[in-house]
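*Asks:* Spelled out, the chains give:
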Amino acid sequence: MTKVTRIGILTVSDRASAGVYQDISGKAIIDTLSDYLSSAWEPVYRLVPDEARQIEQALEHLVDEEDCCLVVTTGGTGPAERDITPEATEAVCDRMMPGFGELMRAESLKYVPTAILSRQTAGLRGSSLIINLPGKPRAIRQCLDAVFPAVPYCIDLMGGPYLECNPAVIEAFRPAS
Amino acid sequence: MTKVTRIGILTVSDRASAGVYQDISGKAIIDTLSDYLSSAWEPVYRLVPDEARQIEQALEHLVDEEDCCLVVTTGGTGPAERDITPEATEAVCDRMMPGFGELMRAESLKYVPTAILSRQTAGLRGSSLIINLPGKPRAIRQCLDAVFPAVPYCIDLMGGPYLECNPAVIEAFRPAS
Amino acid sequence: MTKVTRIGILTVSDRASAGVYQDISGKAIIDTLSDYLSSAWEPVYRLVPDEARQIEQALEHLVDEEDCCLVVTTGGTGPAERDITPEATEAVCDRMMPGFGELMRAESLKYVPTAILSRQTAGLRGSSLIINLPGKPRAIRQCLDAVFPAVPYCIDLMGGPYLECNPAVIEAFRPAS
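Protein chains in written order, with my numbering: chain Y, 1351 to 1527; chain Z, 1351 to 1527; chain V, 1351 to 1527.
Derived by calculation from the structure, the hints in this document are not laboratory data.
None of these values were measured; they are calculated from a predicted model.
Please note that the accuracy of each hint is not assured.
[To be verified] With a cut-off of at most 30 Å between alpha-carbon atoms, the simulated DSS-like pairs for lysine-lysine come out as follows:
| hint | chain 1 | residue 1 | chain 2 | residue 2 |
| --- | --- | --- | --- | --- |
| 1 | Y | K1460 | Z | K1486 |
| 2 | Y | K1460 | V | K1460 |
| 3 | V | K1460 | Z | K1460 |
| 4 | V | K1460 | V | K1377 |
Please take these sequences and the hints and turn them into a complete structure.
*Replies:* Laid out in structure tokens, this is it:
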């Protein structure tokens, strides 16, 4: 039996987790990944408030228990007092991937000068990649379009499942070796 | 009574603080901010040598006692032995803002390849934003021109005063929400 | 007697250090630096496996005992489990130089979208500069071409030897002061 590829989607939002509004950002990530990936996968979805311990536990659970090779977060990356997703991400990662945040901010800067306010980062926990995305659905797609071409090869290098993309939508880049 | 907006300007320089030369960098920051801002504000100026504890205490004082919503430093960001402003900044901040340093270096790289030697960063202490600028007046203006459009919205997000800019000089960007 | 400028080259590779293949990356760095530098210098070469303590000890030795003003590493900067060169570098540095990694990734992104997977950094130990480069010879040259123009001035600022470059190959930039 082949294990199906699992991808964690973690929405971090006080208001969405309190039921004040619907989580459209988490849904935007699932829709975008469905659009990108031609190989089989299933989402593992979590929604937590902007609380360090809850974010950390959700990330640990998605990686260690749910066996997600990739976890994508949305929300909590700005300068507001409750925005602590990058710190929680760093707390559970062994090694950081600074290139993701750099490229996502550079990409978002093409649209808004306030892109520098996003503190989003990415890192590795064991053999899983965790990527922070911003909270706004439009910015989510812009950021994923920029970094996702490198994601399948990253997961290859960590010994994870072989992700295949729909080339009409996005090109997974694997260098000839 | 409305509280007036206070902005800290911290010059870090062994020689200027010893009176060997005048601090033209701190003055360049005050002039630039006066040029940018159309809403009322007042500068709170400090000058310290390149000593970790003195830089940290000045930053803490400007934020915690002087109630500055924004503190801008100049000097001490290079690779010389005494350059420790970024480390002192990180020591007093709760959360870092990597996008500021990235954009200021990318901007300075348009002028000089040695822009990568600047270790300048930015971060948040409580609800205040601290930004390191380089020491040279011309580089100060280039860096502020690049990042300042995002500063008023950053301060909004932290619950600080509403900064207004002179649109003939610089555009404060606030996304439609 | 003038001290000759010494530059450390540290190859980090399990397989090269086990003799499974030849270290062509370390050689590529020596060739590139020979191409760049017109002033006298000598390489101090080390080869270690991807083991944190061995990388750290090699870096400490090259800086503290061998008196290298510059140490360039190759290998171990990716997301694979054994890739820990950036962490070992940070462990032995007093202060970090984020601009190097940012520019090298931005430069490599012109060629491959997987450039964001490189976690390479740079930092200062005492008055020496340590720069991580990727493992592939072609990427080594691309990265060095991007950052090396700033290296001689960086070493000047730290009180090190005066490096001169062959202007037909690369331009060392020193700002008029």
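*Asks:* Indicate, hint by hint, whether the structure satisfies it.
*Replies:* So, going through the hints one by one against the coordinates:
1. Y:K1460 / Z:K1486: holds (28 Å)
2. Y:K1460 / V:K1460: holds (17 Å)
3. V:K1460 / Z:K1460: holds (17 Å)
4. V:K1460 / V:K1377: holds (24 Å)
The structure shown violates none of the earlier numbered hints.
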